[in-house]
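A.B. asks: This is what each chain is made of:
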Amino acid sequence: MAKQTVLNRARLIFVAIGIILLWLLLEFNLFRIQVVDHQLFSSVARRQYLKKIPLPAMRGNIFDRYGNKLAGSSIHYDLAADPTLVQKPRQMARLCSKILNRPENYFAAKLSRKSRFQYLGRKVSEDKAKQILALHDPGLIHFPNFRRQYPYGRYAAQLLGFTDPDDKGLGGIELQYEKQLRGQAGAAVLQYDGPRRVFYNADNPMRRPKDGLDVYLTLDKNIQTVAEQELLKGVKKSKARAGMVVILDPNSGAVLAMANYPGFDPNRQQKFSAEEKRNRVIADSYEPGSTMKIMTAAALLQEQIHKADDIVFCENGSFKLYNKHFHDTKKHGWLSFRKVIEKSSNIGMIKLSMPLPASTFFRYLKSFGFGTATGIGLQGESSGRLDNPQTWSGLSKASISIGYEIGVTTLQMATAYAAAINGGYLYRPYVVDHLQDTQGDIYDQKRPQIIRQVISKEVSDQLRSFMRGVVDRGTGINAKLDEIIVGGKTGTARKMDMKTKRYDLNRYTASFIGFAPFEHPRFVCAVVMDEPKNGHFGGKAAAPVFREIIRRIIHLEADSRPSQQTQPAKQLIFTRTLKDLPDITGFQLPSAVALLKARGIRYRVEGKGSVVDQIVLRKKKIILHTKEKLSVGKKVPNLIGLTLREALAKVDLSRFRVQLDGTRSGIVRRQSPSPGTVIKKRSSLLLTCR
Amino acid sequence: MKRGKVDLNIVISVTFLLFVGMVMVFSASSMMADKKFGSLTYYLRKQMMWGILSFGLMILMSRFDYRRLQHHKLPHILILLSFTLLIGLLVGGVRINGARRWFHLGFMNFQPSELAKLSIIIYTAYYLSVKKAEIAKLKSGILPLMFVLSLIILPVMLQPDLSTSLMLAIISGLMLFVSRARLKHLVGMGLSFIPAALFLMSSRSYQQGRISQWIHAWGNPLNAAYQIRQSLIGLGRGGWMGHGLGQSKQKFFFLPDSHTDFIFSILGEEWGFIGVTIILLVFMFLLYRGLVITRRVPDAFGKFLALGFTLNIVLYGLINAGVVSMLFPATGLPMPFISYGGSHLMFLGFSVGLLLSISRVANRVSTNGNWTEFRQKREQLYQTVISTD
Chain X
12 MAKQTVLNRA RLIFVAIGII LLWLLLEFNL FRIQVVDHQL FSSVARRQYL
62 KKIPLPAMRG NIFDRYGNKL AGSSIHYDLA ADPTLVQKPR QMARLCSKIL
112 NRPENYFAAK LSRKSRFQYL GRKVSEDKAK QILALHDPGL IHFPNFRRQY
162 PYGRYAAQLL GFTDPDDKGL GGIELQYEKQ LRGQAGAAVL QYDGPRRVFY
212 NADNPMRRPK DGLDVYLTLD KNIQTVAEQE LLKGVKKSKA RAGMVVILDP
262 NSGAVLAMAN YPGFDPNRQQ KFSAEEKRNR VIADSYEPGS TMKIMTAAAL
312 LQEQIHKADD IVFCENGSFK LYNKHFHDTK KHGWLSFRKV IEKSSNIGMI
362 KLSMPLPAST FFRYLKSFGF GTATGIGLQG ESSGRLDNPQ TWSGLSKASI
412 SIGYEIGVTT LQMATAYAAA INGGYLYRPY VVDHLQDTQG DIYDQKRPQI
462 IRQVISKEVS DQLRSFMRGV VDRGTGINAK LDEIIVGGKT GTARKMDMKT
512 KRYDLNRYTA SFIGFAPFEH PRFVCAVVMD EPKNGHFGGK AAAPVFREII
562 RRIIHLEADS RPSQQTQPAK QLIFTRTLKD LPDITGFQLP SAVALLKARG
612 IRYRVEGKGS VVDQIVLRKK KIILHTKEKL SVGKKVPNLI GLTLREALAK
662 VDLSRFRVQL DGTRSGIVRR QSPSPGTVIK KRSSLLLTCR
Chain F
19 MKRGKVDLNI VISVTFLLFV GMVMVFSASS MMADKKFGSL TYYLRKQMMW
69 GILSFGLMIL MSRFDYRRLQ HHKLPHILIL LSFTLLIGLL VGGVRINGAR
119 RWFHLGFMNF QPSELAKLSI IIYTAYYLSV KKAEIAKLKS GILPLMFVLS
169 LIILPVMLQP DLSTSLMLAI ISGLMLFVSR ARLKHLVGMG LSFIPAALFL
219 MSSRSYQQGR ISQWIHAWGN PLNAAYQIRQ SLIGLGRGGW MGHGLGQSKQ
269 KFFFLPDSHT DFIFSILGEE WGFIGVTIIL LVFMFLLYRG LVITRRVPDA
319 FGKFLALGFT LNIVLYGLIN AGVVSMLFPA TGLPMPFISY GGSHLMFLGF
369 SVGLLLSISR VANRVSTNGN WTEFRQKREQ LYQTVISTD
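So the sequence lines, in the order shown, correspond to chains X and F. The first sequence begins at 12 in my numbering and counts up by one. The second sequence begins at 19 in my numbering and counts up by one.
In short, the hints are calculated from the structure, not lab data. Values in this document were obtained by computation on a predicted structure and should not be read as measured data. Do not rely on the hints blindly, as some may be mistaken.
[Claimed, not checked] Here are some, though not all, of the chain X residues that point toward chain F, as calculated from beta-carbon distances under 7 Å:
no., residue
1, 17
2, 18
3, 19
4, 28
5, 32
6, 34
7, 35
8, 40
9, 44
10, 46
11, 48
12, 53
From the three backbone atoms N, C-alpha and C, an ideal C-beta is built for every residue, glycine too.
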């Protein structure tokens, strides 16, 4: 024992081995974390550093042909609360119920729930939201958002369509052009550090939102207004179940107005039924009755089977063909072809069309566009009904010649009439003129499109004079105007009872389709009344509506556009705001606000527009000047102080011709034009370097 | 006395670690320094100053003959001083994060537990070298030492600084373990610690919470407490090779204490598995060198002292890495040489200096003597060891 060392060697080795084992364990653990679970931790890390702020694109507006906004977007707020954070739930519930028009218990119940997120109201207007936000309650959450607005309410509502609360198009143009209107949302990726401070990271450049395209319609707001008002008046007067008006430009097929009754308000679309949202003008087919006689007459004249003065015996009001009796409303004897149209004699028309072969008649009807959709480019268009001549019965031709056994839409009738009076050219009707982006570039410009010539100019002139006669002395006398010569044709059709498959004795479709002015028609207007109770004749229920519409629109100058406001070139105050604040000019207001908020920058909004036009830094606060639309044209970027290489990288060379002055290297000292000048077309940019 | 050469391996390793420490402290702290002091290099400058001071102290101490520490009751004085300071701390210490661990000295915050650590190692080495085989005895051997140790460890525990007190117990316990103390005594003492530790833990709910959270997190590391979770995210984000110097994202205020106790996580994020493995290998190399010195140095005081310092450095390194990678549920331990901090660098400089001083003696023994003579001597030693076990 004397030689025993002080250190116990075995225990020392034991300790050393223990430490080595500990090291191996550590290495194993580190390998597990760093190598095996690398993906997991990387994604967790990314999630906590980066926050994606969606920058919503503004949905495109819908304008009429003169740039009147028929549908647009404005800022609204989605209000929500985190009930666990709300300090004064009762006060908030009371205020909400006052402002958002719902019972107080509704909000009280929401605010007492144990969730962390409860919607108080969606799409609350800015004024209302501000009142609630004035509470400064920490539990309030609000998101700026767009809301679709239709300034003209019910006018052209079925044509324009409507959107759901998420601004997704659900009908009409809104649905049809959903993709183009919607645009592309952008995103900004912000980097966060631990205590949730945000900074902009140049590695993740912001994807600017691409606003939706604006849709310019061929509609004329003024004509639409007249059509809506007169249709409503007419429907009320005749106590019709429904009514439709469509006004076309016969020389192009452009739709100038499209009105339906009953209608709906797209601003509150949830409250209306599908019945009210249907665009009857294109979706509903009906048996036109006598208005079809013009097409029959067109075929007879074009085929030179009859002349205008050929006479026919009208059987004194009752005519039996096979086993069916046809009647006239009045007993007529001998009538000329012209008079048959003017008096709208069914028997006369049937007898006149007897020599017309069925297949020829069918060809004409087909040529006028019946039995096929017009191709106006709207969803839900009906193609009507036109049977093949092979399936026609012995009575079919006679029936069709006076407008039965055929189904047409109001638009088809108007289009066919346009062809009948404009020299025989069938135009494809269209309602969207062009699309336009915020820069003013135009897409999909529509041109009038002639489908075919159906009849000759002479026949067309003949038909016009027939229709003038209808108004002057025939069934359409109610459409007559003092100061202007118009033409048209009445139609009164019994409606088929869908149960009994027989024509009803007291349900009618009354219509009047006419044009004006007589010499150089600018308008074709079709008025259709469904089941008028107060005078069921087309001449009584529909013709006065036509007359009033024409009376009011005929004096509208073709060029009634409001004077185009040109944007004055404005010197922008360029401010080096906070170091890494991206250039947010041109941003939608909510996007800009979201960005500033996320970064905790104080801001104030000036102006009522929805696009940030300029940003100014004043007293540590960012002032956002807004404007309805970004001015067309491009601003000259600020290049002073940059190296030439950097400067050239910033210049959009498609818009500027760069000229250099001084040395070809170094730093840009001067530039002309100065930064912020709005450039409308390609122009030169002089850079002075030293 | 003729001086031998210092162990250059240790000097190089320690210098390397100090250098890595400065680089990492700069990388991890620059953002915070900028925010707090408006200067990116605030912590770097301090760390460089302390690093150089510590290096100087190391050189200085390597020229100091460690054997003189045995004289003039120096170990006793150190223990008394530590005890006094620790008690004083409970009264007048600066409260940081709910614990009184610091004296505010104007130019720096002084941490008495660092001094206590030094004292305990020196005192234990001294005591074991004096008692030699007598340590096997209970009353005259192990118990008085236990009493002295608890004089130091208990106040540290009461700061409260459970982690450090545990480290003190482990290091002194291991020194005792490799002495001639009886196993049954050691086991007995160790077992008597368990109820005390359990009592302490149950009396502090935050300790309990921390440990239960630690156990929970084993299934899913993302359940871990915030700091540990951020530490793991940093390590895991590093992968094999890491993201490169300065590329840590966790240091952007995600990971608290990223330049002090959790700097190893930033290291893992920037240098990956390869980087942390290199650092750990350096620590293992230090262990090896320390054990070589322990074996070569002839006197018992030198052996225990070298072992104590070596264990202190290596265990701190490994356990810090274990804490950062959630292997252990503790916190509050710096990574030797790398973490930011003045007290701990000065203490390390002091202890490495002494270790180098011991290595001079060890090298003189091994190089001055005739090689064959040395071999024979060693054989003889081995036989002795084998025969006694």
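A.B. asks: Confirm or reject each hint.
C.D. replies: Outcome of the hint check:
With its C-beta approaching chain F no nearer than about 4 Å, residue 17 of chain X sits inside the 7 Å limit, and its interface hint holds. Because the smallest distance between the Cβ of residue 18 of chain X and any Cβ of chain F comes to about 5 Å, under 7 Å, the interface hint for this residue holds. At its closest, the beta carbon of residue 19 of chain X sits 5 Å from a beta carbon of chain F; the interface hint therefore holds under the 7 Å criterion. A cut of 7 Å between beta carbons decides the hint on residue 28 of chain X: the least distance to chain F is about 11 Å, and the hint is violated.
A hinted interface residue such as residue 32 of chain X counts as satisfied when its beta carbon comes closer than 7 Å to some beta carbon of chain F; here the least separation is about 10 Å, so the hint is violated. Contact between residue 34 of chain X and chain F, as hinted, is supported at the beta carbon level, the nearest pair being about 6 Å apart and thus within 7 Å. Annotation: interface hint on residue 35 of chain X violated; nearest CB of chain F at approximately 10 Å, more than 7 Å. Satisfaction of the interface hint for residue 40 of chain X is found here, the shortest Cβ-Cβ separation to chain F being roughly 5 Å, below the 7 Å cut-off.
The beta carbon of residue 44 of chain X comes within 5 Å of a beta carbon in chain F, closer than 7 Å, and the hint placing it at the interface holds. Below 7 Å, beta-carbon pairs count as interface contacts, and residue 46 of chain X has one with chain F at about 6 Å; its hint therefore holds. The restraint placing residue 48 of chain X at the interface with chain F holds, with a minimum CB-CB distance near 5 Å, inside the 7 Å limit. A cut of 7 Å between beta carbons decides the hint on residue 53 of chain X: the least distance to chain F is about 5 Å, and the hint holds.
In the structure shown, a violation is registered for the earlier hints numbered 4, 5, 7, in ascending order.
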